[in-house]
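Engineer: Spelled out from the first residue to the last, the chains are:
Number of protein chains: 2
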Amino acid sequence: MVAKRFHKKKKPIPIQEYVEGIKAGDRTILAKAITLIESNNLDHFRAGQQLLQEILPLTGKSMRIGITGVPGAGKSTFIERFGTELCKMGKKVAVLAIDPSSTLSQGSILGDKTRMEKLSREENAFIRPSPSGGNLGGVHRKTRETILLCEAAGFDMILVETVGVGQSEVDVRTMVDMFLLLTITGAGDDLQGMKKGIMELVDAIIVTKADGDNKEKALKTRNEYNQILRLLKQATDGWGTKAVACSSITGEGINEIWELITKFFADTKKSGVFYTRRREQTIDWLITSIKERLEQSFFQHELVKEQLPIVKRNVEKGKLPVSIAVENLLSAYFNQEH
Amino acid sequence: MVAKRFHKKKKPIPIQEYVEGIKAGDRTILAKAITLIESNNLDHFRAGQQLLQEILPLTGKSMRIGITGVPGAGKSTFIERFGTELCKMGKKVAVLAIDPSSTLSQGSILGDKTRMEKLSREENAFIRPSPSGGNLGGVHRKTRETILLCEAAGFDMILVETVGVGQSEVDVRTMVDMFLLLTITGAGDDLQGMKKGIMELVDAIIVTKADGDNKEKALKTRNEYNQILRLLKQATDGWGTKAVACSSITGEGINEIWELITKFFADTKKSGVFYTRRREQTIDWLITSIKERLEQSFFQHELVKEQLPIVKRNVEKGKLPVSIAVENLLSAYFNQEH
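These protein sequence lines are chains G and S, in that order. Residues in the first sequence are numbered consecutively from 1, following my numbering. Residues in the second sequence are numbered consecutively from 1001, following my numbering.
Any given hint could be a false lead.
No more than 30 Å apart at the CA atoms, straight line, and that leaves these computed lysine-lysine pairs for DSS-like [to be verified]:
| # | chain 1 | residue 1 | chain 2 | residue 2 |
| --- | --- | --- | --- | --- |
| 1 | S | Lys1091 | G | Lys23 |
| 2 | G | Lys269 | G | Lys242 |
| 3 | G | Lys61 | G | Lys242 |
| 4 | G | Lys270 | S | Lys1269 |
What the hints contain is simulated information worked out from the structure, not anything from laboratory work. Remember, it's a predicted structure, so these values are computed and weren't measured experimentally.
Make the full structure from the sequences, and use the hints.
Structural biologist: So this is what it looks like as structure tokens:
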């Protein structure tokens, strides 16, 4: 019996078992499937790919929504409240949190998981931090594939949360249908300090903490954003980005946000922008993945790792023209086996 | 005699002849050397690389200045005037014009060459359109290498002109020390209509056509820019981007621009930002070139060209997961000879 259990532990779960479990909406199997997808082990990777192939026909039917905002903007509290409301409406909500500044084992968003205590107790919710760091392109692939797995498991609302710093918003924009920016009213200069770029990436700005003493200020900030937004480029063709205010405590404004979201999906599906974007995102993902793999293959190549620092030094010192450096490195690389 | 001349025509100029000519500041040889660098012929390319290696110790001593602005902003007129003033001061001025919308044989900037008639008659001026279009990464490499050749030929002011549309400003920013945006006073909404991004790329904004009836409006526009600039990110550490006004007709403001430029170079050399940027630009160029060559090698590969459209269709239709598509394409590519 002991031997049998030991044996069972080592034996990988058959793909078909994953497929059945996911189809049945089993969250434990879903979590294991995501771990498989995330693994850098080659066998796991291959099994994960086979699994993806199997569940592919079941994917694509969710609302994919990105949520960004600087730390302190109230993302966790908002997702907790909003997600719980969605569950009450009968939605199945998956929350995938990407934290570029942390690794899987430690980091602020994993901490958030325990903060979203109420939501995590909901039967129709699934909360999962997305690993980051490590290998090139890993975040894209793993988060995108996790979205697909969640969709196959019947989750119809996928909330992809990211910290509003660095490159991660740009990455998330490429994998969601609608993108929300969460912000709070601040020291008056918060509009100036914010990177203009991010406002042109999002489809709605949500001013949080519109409650108590802060409510009036929050509404004022919302109005200021709406003024600025008129001057900026839209993130989505035919959709005017709007700012709204809400309180994750009182729940005021949450309904309005849900209406805005349903309108966004209705409008963009009607105009076809939704479908075009999904198609383009998939092809972009393909091309980006190829480029990343090519770069990975090159820059991780033993010979390149050995020669590149020397070449860099010579180029910096003006001893070697860039073009010759490139030629030398590439011919060394291509003449080796892969 | 005829046979000999015929023979001579076919024979390539020896590298050493190029080197000597460039060292002597011979503009005809310089022009031929640039043609060599620009050639897509493999022999020419190799000769060009050898030449670059030879002249590399003579490079790096110019002020590399980028100039951008939408068509009609008065770029040619400004460069004509400013360049002529620089020549009078004893500077040697090279103007390299990148026009992403045209090919070598035709296009608006080539037209500009004849418009810069006065400057092109100056003994210390050299005007050259930079080819674009065509192969991946060509513009970067060729313009960068042309800058090096001009420097070796003793040109101490390199003006890289580009039309302010699309990607070209971002590219030019990576190859110059200082970047100028030329603009005119407009219909009042010109500040709003302008992409915020470009203002965060440049080190000075020059409002041109500040003469006659237009002068007052131009000064007002300059002041408006200066107000906006305070809210934006600086392009260069420690340098506050400024707006100035000038007239390329009366020459008013041209001196002020020259003072601004010398201050920029003095300040950034003192702080070290100048040297750090040059070093980073070179390494970025190396890495970017490698990536471009890897992509070129992949996407131009016969097998990839044949399979990619089919793979794209299957991915779009949801028949094939992206990761599997990537794996298949890459193993097909790596298993072939290069």
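Engineer: Taking the hints in turn, state whether each one holds.
Structural biologist: Each hint tested on the structure:
With a C-alpha separation of about 74 Å, the suggested pairing of S:Lys1091 with G:Lys23 is violated against the 30 Å cut-off. Among the hinted pairs, G:Lys269 with G:Lys242 is consistent with the structure: their alpha-carbon atoms are about 18 Å apart, no more than 30 Å. With a C-alpha separation of about 25 Å, the suggested pairing of G:Lys61 with G:Lys242 holds against the 30 Å cut-off. The hinted pair formed by G:Lys270 and S:Lys1269 fails the criterion: a straight-line CA distance of about 56 Å is larger than 30 Å.
Checked against the numbered hints above, the structure violates hints 1, 4; every other hint is satisfied.
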